[in-house]
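Now for the letters of each chain:
Protein chains: 2
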Amino acid sequence: MDLMQAIESRRDTRHFTDEAVPKAVLDKALMAALHGPSVGLSQPCRFLDVSDSPRAALIENFTSQRSKAETALDEPDRLRLHRSLKLESLAEAPILLATFCAYPEEEYTIGVIGNMRAVEWSCACAIQNLWLSLTADGYGAGWVTILDLKAIAARLKTPENWEPMGILCIGKPATDYEGRPMLEHLGWKNRELNLDAFYSVAHLS
Amino acid sequence: MDLMQAIESRRDTRHFTDEAVPKAVLDKALMAALHGPSVGLSQPCRFLDVSDSPRAALIENFTSQRSKAETALDEPDRLRLHRSLKLESLAEAPILLATFCAYPEEEYTIGVIGNMRAVEWSCACAIQNLWLSLTADGYGAGWVTILDLKAIAARLKTPENWEPMGILCIGKPATDYEGRPMLEHLGWKNRELNLDAFYSVAHLS
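Order-wise, the sequence lines are chains A and B. Position one of the first sequence corresponds to residue 1 (my numbering), numbered consecutively onward. Position one of the second sequence corresponds to residue 1 (my numbering), numbered consecutively onward.
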């Protein structure tokens, strides 16, 4: 698929069919992730496939965090709308990847002196590559972060230098939300596509 | 350009020709960035074009941070190699974009309860889209983070909720480093492309 077509049609998907994801599609997407840029060639992204684990604890984790988040919503109409949104697909997505940033253990990493979190930024770039690859092959992903991430790391007994970055739910999209972000399609918020809101010329003194 | 071709040929470029970047190419890349996923549709990425500013302060900022980083390198051969690496193109890249994450000022953002830094991850996804778009059009970018980022934000008088994420140097690549990451090409570190090092099946108890 053409790059721009993949970029424009990629959705944060929360609605999947029950169709399985072929291993070749997942492997290709993971290989796309490995080709992402990484600060100092640190390649920090780690994917733990928890698709075949019992999912009840994960769903409970999400439900609890979602309820906690909703306590910050005072306006009744917004709260009602928020409660109607489907914000994950932890029960039904064929593939669940718990995703982590492995902070480098090597003595010296080029490029992190400005902000050590550049390694997390590298992971996000890898995830974006994975997401685009899935999109190009007719599949999709939803990145779920409404979770007690530390609790997931604890259950997976991951090393201490692994920062949890959420769960990627992967499968065949049941809808494309009419070609718009789901949150816009459902009336939560509109996407801004005016470049002037994001880019301007500035003077560095 | 085909997605996978763009993903595989994208380089973290530090060597540019002096060819100008057409406005249409930059605008398309910025539009690709706007189509990136963002947590709760927060669209937090901000680009300040500082191409036409005096660059001396920026170069001095880099040089100082690079020297500071090098104090951590004890091994003489590694230090010598590190000193020979070209790690930025702040003087010569036709376009410099100072890049920021605008932490949301709205009352409620979906998806940040697990980790507020998910907004920075969104910016990184946007940057990856921008980078791929440039690659597909025959241009390239280098993401420079060996900088006192807060000092750059101060010089640009950006709002307090804007987290600086570095400078994107953009132009026409003078080399593709023989199709490999520059740091591998120059013998600093090898890229790992074995999936097993990044992906495994795990059990979520």
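Just so you know, these hints were derived from the structure itself, not from any lab. Be aware that a few hints might be false.
As the list claims (entries may be wrong) - Not the full set, but computed from the structure, chain A residues with beta-carbon under 10 Å of chain B:
1) P22
2) V25
3) K28
4) M31
5) L96
6) N161
7) W188
8) S200
As the structure is a computational prediction, the values presented were derived from the model and not from experiment. A virtual CB, placed ideally from N, CA and C, is assigned to each residue, including glycine.
Close enough to count: is the Cβ of A:W188 nearer than 10 Å to one in chain B? Since chain B brings a Cβ to about 7 Å from A:W188, closer than 10 Å, the hint holds.
Hint check, A:M31 versus chain B [nearest Cβ-Cβ separation less than 10 Å]: It holds, given that the least Cβ distance between A:M31 and chain B is near 7 Å, below 10 Å.
Minimum beta-carbon distance criterion (10 Å), A:S200 to chain B: holds (6 Å)
Can we keep the A:K28 interface hint, with Cβ of chain B closer than 10 Å? Holds, about 8 Å.
Given A:V25 was flagged as interface, is its beta-carbon under 10 Å from a beta-carbon of chain B? violated (12 Å)
Quick check on A:N161 please, does its C-beta sit within 10 Å of some C-beta on chain B? violated (15 Å)
Restraint satisfaction for A:L96 [CB to CB of chain B, less than 10 Å]: Where the cut-off is 10 Å and the nearest Cβ of chain B is about 8 Å from A:L96, the hint holds.
Hey, does the A:P22 contact hint survive, CB to chain B under 10 Å? Interface hint status for A:P22: violated (15 Å vs cutoff 10 Å).
Going down the numbered hints, you'll see the structure goes against 1, 2, 6, while the others check out.
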